[in-house]
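**Q** Chain residues, written in single-letter form:
There are 2 protein chains.
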Amino acid sequence: MDIQEYMQNVGQAARQASREIARADTRQKNAALEAMASAIERDSEKLLAANRRDVEQAVAEGLAPAMVDRLTLNASTIASMAEGLRQIATLPDPVGEMDDFCYRPSGIQLGKMRVPLGVVGIIYEARPNVTADAAGLCLKSGNATILRGGSEAFHSNQAIAACVHEGLAAAGLPQTAVQVLETTDRAAVGALITMPEYVDVIVPRGGKGLIARISAEARVPVIKHLDGNCHSYVDEKADLAKALTVCDNAKTHRYGTCNTMETLLVHQAVAAEFLPQICAIYAAKGVEMRGDAATRAIVGADKVGAASEEDWFTEYAAAIIAIRVVDDLDSAIAHINHYGSHHTDAILTEDYSRARRFLREVDSSSVMVNASTRFADGFEYGLGAEIGISTDKIHARGPVGLEGLTSQKWVVLGDGQIRS
Amino acid sequence: MDIQEYMQNVGQAARQASREIARADTRQKNAALEAMASAIERDSEKLLAANRRDVEQAVAEGLAPAMVDRLTLNASTIASMAEGLRQIATLPDPVGEMDDFCYRPSGIQLGKMRVPLGVVGIIYEARPNVTADAAGLCLKSGNATILRGGSEAFHSNQAIAACVHEGLAAAGLPQTAVQVLETTDRAAVGALITMPEYVDVIVPRGGKGLIARISAEARVPVIKHLDGNCHSYVDEKADLAKALTVCDNAKTHRYGTCNTMETLLVHQAVAAEFLPQICAIYAAKGVEMRGDAATRAIVGADKVGAASEEDWFTEYAAAIIAIRVVDDLDSAIAHINHYGSHHTDAILTEDYSRARRFLREVDSSSVMVNASTRFADGFEYGLGAEIGISTDKIHARGPVGLEGLTSQKWVVLGDGQIRS
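So the protein lines, in turn, are chains U and R.
The first sequence begins at 1 in full-length UniProt numbering and counts up one residue at a time.
The second sequence begins at 1 in full-length UniProt numbering and counts up one residue at a time.
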């Protein structure tokens with residue numbers, strides 16, 4: 001069968017399954033999630049064997065060690081997959097939630113009902129745990145899903161898919177509600193993102209290059225996460241002790257995450273007091289510092305390298321930080337809106353009016369006062385789990401959980417009303 | 001200046017203005033709306049003169065009478081434009097609304113703030129009143145907008161733009177917050193829908209062909225309205241007197257609107273009683289009827305023509321109706337989900353469980369019980385005004401008002417919290 005025909009069949013089956021999944025009741029969906037978790041636990045040896053095949057091939061082909069690391073499953077990551085599915089079962093079912101009912105002057109009663117999006121396509125790299133996670137989130141939110149993981153994880157993903165299908169069948173749900181593509185042909189991705197008749201939204205999870213390419217070629221809406229170039233701004237009126245703790249945490253808690261602070265902005269009035277203290281912490285932790293002229297003059301050009309224009313735009317995802325002294329709140333906001341990626345930005349201040357202006361005027365998916373940018377994720381926000389973090393403004397912004405995989409339709413309850 | 005360069009300049013100016021408009025306060029935005037309305041009233045003679053130029057040319061070029069009709073302004077339509085802007089001023093300002101604040105276990109206080117989308121591009125046909133309406137809605141929702149109206153309305157739109165700009169200036173807001181393209185070059189549309197760096201969303205208002213073309217070529221999210229193939233289903237347990245009134249209204253109140261019923265589905269158990277009555281009403285009003293074999297057998301093949309497969313898919317937007325007898329609720333839901341356009345569909349029934357199933361299982365932007373499909377619009381839903389009706393599931397579904405032109409960002413209020 002040629003790849004276009006294969007994808008047409010997958011799409012049709014997903015559309016068909018989406019109608020059954022949309023009306024599945026909560027108990028049925030939770031039973032499927034529990035059964036998937038049990039199957040994964042029971043089959044852990046099988047999963048490890050399939051994963052070994054993938055890992056051996058990846059090593060032989062010279063895949064980068066960091067990628068091999070993410071590809072590799074062990075007893076603990078398999079237990080986490082099962083645990084993740086059970087946690088999704090405990091989350092409230094968003095489907096069918098009704099809100100905002102009110103009577104209109106015509107006598108109709110108007111409200112909204114939360115409904116699944118339909119068919120969700122997820123494209124991700126060689127991380128087998130995403131297969132279970134994404135399958136669980138889409139099922140609970142009432143969507144059918146088509147999963148396309150990195151080809152390096154092919155055998156691992158097929159083994160996980162078998163457990164997922166067993167769980168669906170055990171709960172009386174169609175196995176086509178979760179389809180893991182049985183091909184590594186790249187043309188399958190091209191087909192998946194250009195079938196608006198079968199796919200309602202695409203969620204790409206992976207590097208910026210992958211996401212940019214998918215966004216450019218998709219004929220289906222994309223919930224995308226580009227970069228996380230996050231800022232902390234230490235205002236003139238900051239409590240410097242708090243600022244020190246928060247700016248330490250925002251940069252050094254974890255270097256590789258998208259909500260890690262990449263640029264520190266400091267008001268000129270407190271720079272001479274604050275910068276030497278925070279830079280001593282960074283230096284002690286081995287963080288490379290790149291600053292503007294004012295920062296280097298205060299901290300020392302031997303300790304802080306020169307930041308280029310490019311640095312202000314950069315998400316390092318590494319133990320590197322850019323530091324700039326700014327004139328005032330306006331300069332800080334202008335810097336963030338210009339160089340930032342509209343992900344997560346924080347102000348450190350005790351000044352009410354400045355905090356209020358920062359929250360309103362910084363155009364980012366999360367804006368914070370006196371808190372570490374590291375809080376911007378689905379777990380900390382209480383979403384239970386996240387399918388990704390959106391840097392878009394349309395549909396969903398910031399961490400996307402079950403609600404982001406749904407939409408709302410209007411409900412009108414009448415008693416024979418007609419329009420006059 | 002070449003058209004690409006011109007559009008780059010327009011885009012840059014819009015992005016710049018969007019930041020000012022986003023933080024404009026409610027009073028300022030309302031003052032601008034009032035000043036626009038006053039300018040339109042004061043300049044009504046100028047507007048009529050500009051419009052006469054467009055209309056004369058359109059007539060000379062043989063534009064269809066219905067389109068000339070929509071293009072033509074008169075004293076009353078000009079008064080409506082001004083009145084529409086004043087009504088938008090009375091609507092609550094959605095920007096900055098804060099919701100859902102709660103404390104998380106970490107101690108941060110988490111909530112959401114409603115924010116503008118940024119820059120909205122609107123592409124529409126030769127209806128000058130849309131220029132004022134769209135400008136007003138985008139301004140109130142804190143967005144900058146780029147308007148591209150049909151070339152036949154060029155002079156009318158420029159005259160309205162002058163009033164809009166005067167209103168913005170009077171309130172101290174940048175005139176570039178509303179830009180009406182000063183070109184009729186079609187390449188401008190191609191540029192507008194492929195500038196994601198300057199345009200956040202495109203709202204096309206017009207025929208299905210225009211919208212399909214824009215959706216296919218856009219590199220920017222599109223809030224689109226395709227067809228309105230709406231259904232009423234008269235269930236076995238319907239109150240037939242109510243059903244008669246509602247099905248009459250849904251079809252005959254207005255023929256050309258997108259929320260008009262196009263196909264009537266009737267449960268077999270009540271078909272013999274209900275169909276002759278409703279068909280007598282349609283016949284008396286000159287509605288052409290096309291039915292399946294069962295309908296024709298009941299009502300008479302002389303009164304009801306034969307419906308083809310194509311009829312079930314068709315939005316007539318005319319005094320024509322398709323009629324089908326169905327076996328049961330399941331058949332009705334299956335018909336609607338298969339042939340419909342996911343716009344607005346109603347069930348007529350007194351049966352609780354059937355109403356509940358219809359609401360849940362029909363996948364449309366508005367689902368109704370015992371009410372006319374004609375209620376599906378922004379005014380009847382209390383949105384005050386609508387920028388369009390979305391048949392998409394992503395971002396906004398059904399009538400789109402001020403809220404649909406906004407998004408929500410996350411707000412975190414802390415007191416020095418760090419992530420552990």
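These aren't lab readings, by the way, just hints derived from the structure by calculation.
Positions of the beta carbon are idealized from the N, C-alpha and C atoms, including for glycine.
Please note that a few of the clues may not be correct.
Cβ pair distances, simulated, as ranges [unchecked claim]:
| hint | chain 1 | residue 1 | chain 2 | residue 2 | range |
| --- | --- | --- | --- | --- | --- |
| 1 | R | Y103 | U | D328 | 27 to 35 Å |
| 2 | R | G382 | U | E288 | 50 to 58 Å |
| 3 | R | M1 | U | Q57 | 55 to 63 Å |
**Q** Now look at each hint and say whether the structure bears it out.
**A** Hints versus structure:
no.	hint	in the structure
1	R:Y103 / U:D328: 27 to 35 Å	holds (32 Å)
2	R:G382 / U:E288: 50 to 58 Å	holds (56 Å)
3	R:M1 / U:Q57: 55 to 63 Å	holds (56 Å)
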